[in-house]
Structures are given as C-alpha cells and as structure tokens.
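Line order of the protein sequences matches chains D and U. Each residue of the first sequence is one higher than the one before, counting from 1 in the UniProt record's numbering. Each residue of the second sequence is one higher than the one before, counting from 1 in the UniProt record's numbering.
Worth flagging that the hints you see were computed from the coordinates, not collected in a lab. Every residue, glycine too, gets a C-beta built ideally from N, C-alpha and C. One should not assume that every hint holds.
[As the list claims (entries may be wrong)] Derived SDA-like pairs (lysine to any residue); straight-line CA-CA distance at most 20 Å:
#: 1; chain 1: U; residue 1: K255; chain 2: D; residue 2: K7
#: 2; chain 1: U; residue 1: K286; chain 2: U; residue 2: L396
#: 3; chain 1: U; residue 1: K369; chain 2: D; residue 2: E30
#: 4; chain 1: U; residue 1: K386; chain 2: D; residue 2: K7
#: 5; chain 1: D; residue 1: K107; chain 2: U; residue 2: L396
#: 6; chain 1: D; residue 1: K107; chain 2: U; residue 2: L123
#: 7; chain 1: D; residue 1: K107; chain 2: U; residue 2: D201
#: 8; chain 1: D; residue 1: K107; chain 2: U; residue 2: K255
#: 9; chain 1: U; residue 1: K386; chain 2: D; residue 2: E30
#: 10; chain 1: D; residue 1: K107; chain 2: U; residue 2: E157
#: 11; chain 1: D; residue 1: K7; chain 2: D; residue 2: E30
#: 12; chain 1: U; residue 1: K96; chain 2: U; residue 2: L204
#: 13; chain 1: D; residue 1: K107; chain 2: U; residue 2: S179
#: 14; chain 1: U; residue 1: K236; chain 2: D; residue 2: R167
[Stated by the list, open to error] Sample of chain U residues at the chain D side, in silico, Cβ under 7 Å:
#: 15; residue: E40
#: 16; residue: G43
#: 17; residue: W46
#: 18; residue: F174
#: 19; residue: S226
#: 20; residue: N230
#: 21; residue: L232
#: 22; residue: G258
#: 23; residue: L277
#: 24; residue: G289
#: 25; residue: A378
#: 26; residue: V379
#: 27; residue: V383
#: 28; residue: K386
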Amino acid sequence: MSVLVNKDSKIIVQGFTGTEGTFHAEQMIEYGTQVVGGVTPGKGGQTHLNRPVFNTVKDAVEQVGADTTIIFVPPAFAADAIMEAADAGIKVIITITEGIPVADMVKVQAYIDERDCTLVGPNCPGVITPEEAKVGIMPGFVFKKGNVGIVSKSGTLTYEAADQVVRQGLGITTAIGIGGDPIIGTTTKEAVQMLVEDPETECVVMIGEIGGQLEADAAKWYQESGSTKPIVGFIAGETAPAGRTMGHAGAIVGGSDDTAQAKKRIMGECGIHVVDSPAEIGVKVKEVLG
Amino acid sequence: MNLHEYQGKEILASFGVRVQRGHIATTPKEAVDAAKQLTEETGTGWHVIKAQVHAGGRGKGGGVKLAKNLKEVEEIAEQIIGMNLITPQTSAAGKKVHQVLVAEDVYYPGDSETSEFYMSVLLNRGAGRNMIMYSTEGGMDIEEVAEKTPHLIFTEEIDPAAGLLPFQARRVAFNLGLSGVAYKEMVRFVTALYKAYEQSDASLFEINPVLKTSDDKIMAVDAKVSIDDNALFRRKNYAEMRDVREENPIEVEAKALGLNYVDLDGNVGCMVNGAGLAMATMDLIKMAGGEPANFLDVGGTADAKRVEEAFRIILKDPNVKAILINIFGGIVRCDRVANGVVDAYRNMGDSIQVPIIVRLQGTNAEEAKEIIDNSGLAVHSAVQFKEAADKVEAVLK
Numbered sequence: 001m002s003v004l005v006n007k008d009s010k011i012i013v014q015g016f017t018g019t020e021g022t023f024h025a026e027q028m029i030e031y032g033t034q035v036v037g038g039v040t041p042g043k044g045g046q047t048h049l050n051r052p053v054f055n056t057v058k059d060a061v062e063q064v065g066a067d068t069t070i071i072f073v074p075p076a077f078a079a080d081a082i083m084e085a086a087d088a089g090i091k092v093i094i095t096i097t098e099g100i101p102v103a104d105m106v107k108v109q110a111y112i113d114e115r116d117c118t119l120v121g122p123n124c125p126g127v128i129t130p131e132e133a134k135v136g137i138m139p140g141f142v143f144k145k146g147n148v149g150i151v152s153k154s155g156t157l158t159y160e161a162a163d164q165v166v167r168q169g170l171g172i173t174t175a176i177g178i179g180g181d182p183i184i185g186t187t188t189k190e191a192v193q194m195l196v197e198d199p200e201t202e203c204v205v206m207i208g209e210i211g212g213q214l215e216a217d218a219a220k221w222y223q224e225s226g227s228t229k230p231i232v233g234f235i236a237g238e239t240a241p242a243g244r245t246m247g248h249a250g251a252i253v254g255g256s257d258d259t260a261q262a263k264k265r266i267m268g269e270c271g272i273h274v275v276d277s278p279a280e281i282g283v284k285v286k287e288v289l290g
Numbered sequence: 001m002n003l004h005e006y007q008g009k010e011i012l013a014s015f016g017v018r019v020q021r022g023h024i025a026t027t028p029k030e031a032v033d034a035a036k037q038l039t040e041e042t043g044t045g046w047h048v049i050k051a052q053v054h055a056g057g058r059g060k061g062g063g064v065k066l067a068k069n070l071k072e073v074e075e076i077a078e079q080i081i082g083m084n085l086i087t088p089q090t091s092a093a094g095k096k097v098h099q100v101l102v103a104e105d106v107y108y109p110g111d112s113e114t115s116e117f118y119m120s121v122l123l124n125r126g127a128g129r130n131m132i133m134y135s136t137e138g139g140m141d142i143e144e145v146a147e148k149t150p151h152l153i154f155t156e157e158i159d160p161a162a163g164l165l166p167f168q169a170r171r172v173a174f175n176l177g178l179s180g181v182a183y184k185e186m187v188r189f190v191t192a193l194y195k196a197y198e199q200s201d202a203s204l205f206e207i208n209p210v211l212k213t214s215d216d217k218i219m220a221v222d223a224k225v226s227i228d229d230n231a232l233f234r235r236k237n238y239a240e241m242r243d244v245r246e247e248n249p250i251e252v253e254a255k256a257l258g259l260n261y262v263d264l265d266g267n268v269g270c271m272v273n274g275a276g277l278a279m280a281t282m283d284l285i286k287m288a289g290g291e292p293a294n295f296l297d298v299g300g301t302a303d304a305k306r307v308e309e310a311f312r313i314i315l316k317d318p319n320v321k322a323i324l325i326n327i328f329g330g331i332v333r334c335d336r337v338a339n340g341v342v343d344a345y346r347n348m349g350d351s352i353q354v355p356i357i358v359r360l361q362g363t364n365a366e367e368a369k370e371i372i373d374n375s376g377l378a379v380h381s382a383v384q385f386k387e388a389a390d391k392v393e394a395v396l397k
C-alpha cells in the first residue's frame, strides 16, 4: 500500500509544454511514473514527450482516464488550473507552483471543499511513492522503497530526511511535501492521518517549521487517535527571530504558540518522538523501529 | 510588502473608507505648506505631525506630536525629519525618518465623547478564510488586550463566496456599543474596509485606532497596510509604493539578484538551497556553538555565478566568522555546485578571509567532495549533516 499516488495512478501534467512542465514530466516518465498526457490550452491535439496534449482537463479525463494531476502553471493562472482539475473530477491535485496570491487560494480552498478531491500544495515538492510514481520535482534516487512515511513542508529538507532514513537501511512508503504557503490543500494533520492509517507504513516522519498551527493540530489528532504507530518529529526554525518571514510565506512566528520550541513541546506531550537536531532524524527512526 | 501610514490611508480612501486626512512633507517648509493647505481643506486648527517609518509604537518614541500653530508645525517637523526614531518595534539604532505626515486634528471637542476602537482584517490560516478582528479597546497594544481581556476581542469570519454580509457589518457596530449615526457610520466603514482589503490583494490591514469623533464620524486615524507580495504583479500601482529605504540594504540587493536573504545578528553565514533546509541549517549552527548570521536560500540553480553572488552578499556582513554551505543536490548536481564554489572562491581572491565549510549531499556527492578536497583551497568539505556541524564547531574554536 501507499497513499495518494501509486503505479496505477493516471497522471496528467498541467502546464505540460512549458519549460518547467517539460523538464519535470521527462524526469517523472524516466522514473517510471504513468504519465498519460498533459494539458496546455490551445495546444490540444499535439503530441509532447510522446504523449497527447489536451486543451482542457475534462478532455484528459474523458479520453485517457486521468485521475491525478501535477500543476506547473505560472502563479497568475495556477488557481484557475486547480479549480479546472477539481471540476473535471480529478481526485488528486498536486500543485508545485510557487507564488500564488493568497486571495486566489482563499477561493480555491472554498471551491475544493465542495468537491471530492485532494489538493496537495501549492508551493510544494510533490508526492512520491518509491518505485511506483514520482509526482513531483524531488530527486527520485534518494527515495528507496520501505515502510517509513514522510510528511514535510519543505523540499530539500524532505530529501535530507529521506536520505537519512535510507542510510539506516530503511525505506519510504510515500513522502508527501505539503508546501510552505499560508493556505495549503492537505494539512500536516491530514497527511499524517493518511500515513498512520496506511497498513504498510510502520513509522511516520513529520517535519514542520515555525508559523501556524499545523503541527500542533497533527500532534493533537495523533494523541486522540490512540495510535501506537511511532511518529518522529522535527521543527525547523528554532533560531528564526519573530516577525521575519523565512523563505516560505507561512514560516513566520506570529505569537508565543507557533515558535519551534512551543511546537516541539506540544508534539512531545502528544507522544511524538521529537529530535532537536535535523541531523538525527534517520537515527531516531531506526531507534523507534527497534 | 509593508506600506507607510500615508500610503495605506491613500488606498483605504480610494475605496471610500473615511480616514484622518493629511499631506506628506519631507522638509519643515513643506510641512508648513501642507498644514496651511490642510487647514483650507478641512478647517482644522491644530495639526498632528507623524513620522513615516515602517514600525509601530511611533508615538512612544516621540515620532507623533501635536502642533497648535504653524510655528510649532515647523519646529516639530524640524525635530522629527532626519531623526533616528527608536520604538518598541525597531532595533536599538532606530529608523531614520525621511518624511512626516501632517494630519488634521480629529480629537476636537463636540456633542459626544470620542472613543477609540481596534480593527484588523487578515487571513485566518486555519480556516483558509479572511476575518475581521475588532475590539472596543482601541489605541492599545492588541496583544496585551488579547492576554488580559480576551472577551473584548471579537471576530467575523468571511465566507469567500458570499463576502462580508450586511448582518456581520451590523454585528460589528453593535458589538462596539454604537447606536444612531455612529452605528450607521460604522456599518459603512466596515463594509468599505473589507471591500478595500479584498480588492487590493492585501495581506494585513490593522487600523488602530478607529476613531468615533465627537460628531459621530467613524474614521481610520492610523493604517498599517501590507500587500501580498505574490499579488504585486497585478497591483502595479501598489508595487510602486515600495520604499526600499525602509528595508535592510543587503536584503534589497539580494532580492534584486533573486536570492532569498534575511539578515540576522550571528557570526556564521550560511548558503542553503530550500527554505526548510536553510532554517534547519541555522538551527544546526546554533547547536554547534555558533549563531546564524543570515537566512539565505539560493534556490534551485546553484551554479558558479549564483554561488559567487551569494558569497558576496554574505561577506557584506562584517560579523561573519565562518560560512557554511549546505546544498542538497537533487536536480542540481553536487559536482557542478562544487565547481561553482571553487570558481567563485578563485574569482573572489583575497576577499574571502573566513573559513568555509561545504556540505554537499545528493547527486554526485562523493565527486563533489573530491573536487573540494583537491582544489587546494582553504575549504572544509563534508557529506553528512552531522559532519558539517562538527566542522563548524571546530572552526569556531
């Protein structure tokens, strides 16, 4: 088992023929991901990377049975692309685009809430189920198959965690990059829940950062769930000063309860194995799995 | 992007929000002219001179003063323009004041008592919706109100499809204890304020205080307005309002180069790809006994040119005693980054006087380490995260 994406996922790329879309679609195909086509309005009927290009997401759903999409559309048009995918019946919408206006995401959030689909991102590295599907921009070789699930707001820190886990002789079920924006489709809690409920996942690594309540919400859910599946947690940004945004729009300390220290304390109280050093994630996973 | 009070008020006024009126001045003479003009326009006898800097608590630092005649306008403007204003929100060095807002006096006596309220519009991240937060306790530090008298803070969450509904605007006015003309004015004020927030792509409005005047008008006496950086592409007129004098000059330069840099107080500079990894690297520096001198995300393309630009930015900070480069090579190959580091180092010659620790992990990490180790440069290489921390600790000793 795995979550969100697997070898049977029928994936399309929105923004297929653009520079980013082309580059990453090639990498995904090379990885062995089932990319069934792409969407670029006005280029329907063409072939790109040996796959059909469609004018609309609906065409892609009807003609090649797409159920998953990855979005590389530029920020000004990305919100529309997400809603188009949701309207067309796509079940998993993974949005890589960075820099979408918050006001657009407020609309997207309300639109998505009324439809049967899962949005991951925006401003995220994507989702990978090793040896089955890479629906994102992560370096595939870092992720070996195994029993550890990863949830993270950050791209390179996800790769770092995966690398450390693999060096311990372990592997990954699915790694989910949820993104660093103020509004994201899949929260830490929802991603952690998917992995805790996945029978193949034996341990979850949860990597957060300063700002917001996502990690605290996930920790509280975990405690209430009564699950005995171990979670290893890390929060980046202990040294970040209050009131300054650290790269991700969402990474800003606003009050006393969204500092790294406060989040780690809450996570610890909820039974999560918290590591203080980002260099100890892999070692800790090995330790809790015995 | 943060704006000055006078710019924020301009935006609010353009959407029909009543604001305390005023004119901007950069010299005492301009201030006097502005005061004369304002008296003609509004009939105000007294004037308030307000320092325009991006920091709250200006009054506490002596940056907001009342002038009762034109001579006082000139004297106060003379004092404030050019001063280093120190407030609870600035650094100990303060912020240089380049301009003042000469504003009308709105606390004039009249039929009813004046009263001050607090109002802000912002995103409730948990709900993914905007909300209006307001309180009867205006003119005070809202965090203090939240702590001591949380029952005096109210919120209205806005349904994105419906927008601010009339009953919500009425509820705001009732909760603030208003009736009669002031009640109607407040309903109008809140409605216009929310419209302004939505249509300006703002990320924060904070109006403290919102004033009820002695003749029952409702107006914004101050305005803290931030515009969503991601939306500036479609708000060009607001983008032009950026005042780079208010920002850290190294950060401005880094931004122009496409580097995401935040200046900090420590002694170990760092250059990292990815925001999360950059923060984690800062944490690691602290654990190794150092203090991070900056946050710097070089992004996805860490080639020689970019590495060199990043080096130059970091070295502008005289406190930097060591530099840690931490790149997780995924799509970007580590050997290319290593060559970039070596080239940048050679190009920069003697300008690099501090030890450098390079940690490259990911694609071709071992080749990268060889390139660094065989370069003959005073650069320490590492592959594992822990190893990098140990080396930072060693060079700081």
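So, going through the hints one by one against the coordinates:
1. U:K255 x D:K7: violated (41 Å)
2. U:K286 x U:L396: Roughly 11 Å between the alpha carbons, so the hint for K286 (chain U) and L396 (chain U) holds.
3. U:K369 x D:E30: Status violated; Cα separation ~27 Å.
4. U:K386 x D:K7: Violated, at about 35 Å.
5. D:K107 x U:L396: Given pair K107 (chain D), L396 (chain U) is violated - Cα atoms ~50 Å apart, limit 20 Å.
6. D:K107 x U:L123: holds (12 Å)
7. D:K107 x U:D201: holds (13 Å)
8. D:K107 x U:K255: violated (29 Å)
9. U:K386 x D:E30: Not satisfied, since the Cα-Cα distance of roughly 32 Å exceeds 20 Å.
10. D:K107 x U:E157: Holds: K107 (chain D) and E157 (chain U) sit about 14 Å apart, inside 20 Å.
11. D:K7 x D:E30: Roughly 14 Å between the alpha carbons, so the hint for K7 (chain D) and E30 (chain D) holds.
12. U:K96 x U:L204: violated (24 Å)
13. D:K107 x U:S179: At roughly 35 Å apart (the allowed maximum being 20 Å), S179 (chain U) and K107 (chain D) break the hint.
14. U:K236 x D:R167: Violated, because 49 Å separates the two Cα atoms, which is more than 20 Å.
15. E40: The hint is violated - E40 (chain U) has no Cβ within 7 Å of chain D, the shortest such distance being about 39 Å.
16. G43: Violated, about 39 Å.
17. W46: Since the shortest Cβ distance to chain D is 34 Å, the answer is violated.
18. F174: violated (26 Å)
19. S226: Check failed: Cβ of S226 (chain U) comes no nearer than 11 Å to chain D, outside 7 Å.
20. N230: Interface hint status for N230 (chain U): holds (5 Å vs cutoff 7 Å).
21. L232: Constraint on L232 (chain U) not satisfied, violated at 9 Å.
22. G258: violated (12 Å)
23. L277: holds (4 Å)
24. G289: violated (13 Å)
25. A378: violated (24 Å)
26. V379: violated (20 Å)
27. V383: violated (10 Å)
28. K386: holds (4 Å)
When held up to the earlier numbered hints, the structure conflicts with 1, 3, 4, 5, 8, 9, 12, 13, 14, 15, 16, 17, 18, 19, 21, 22, 24, 25, 26 and 27 and fits the remainder.
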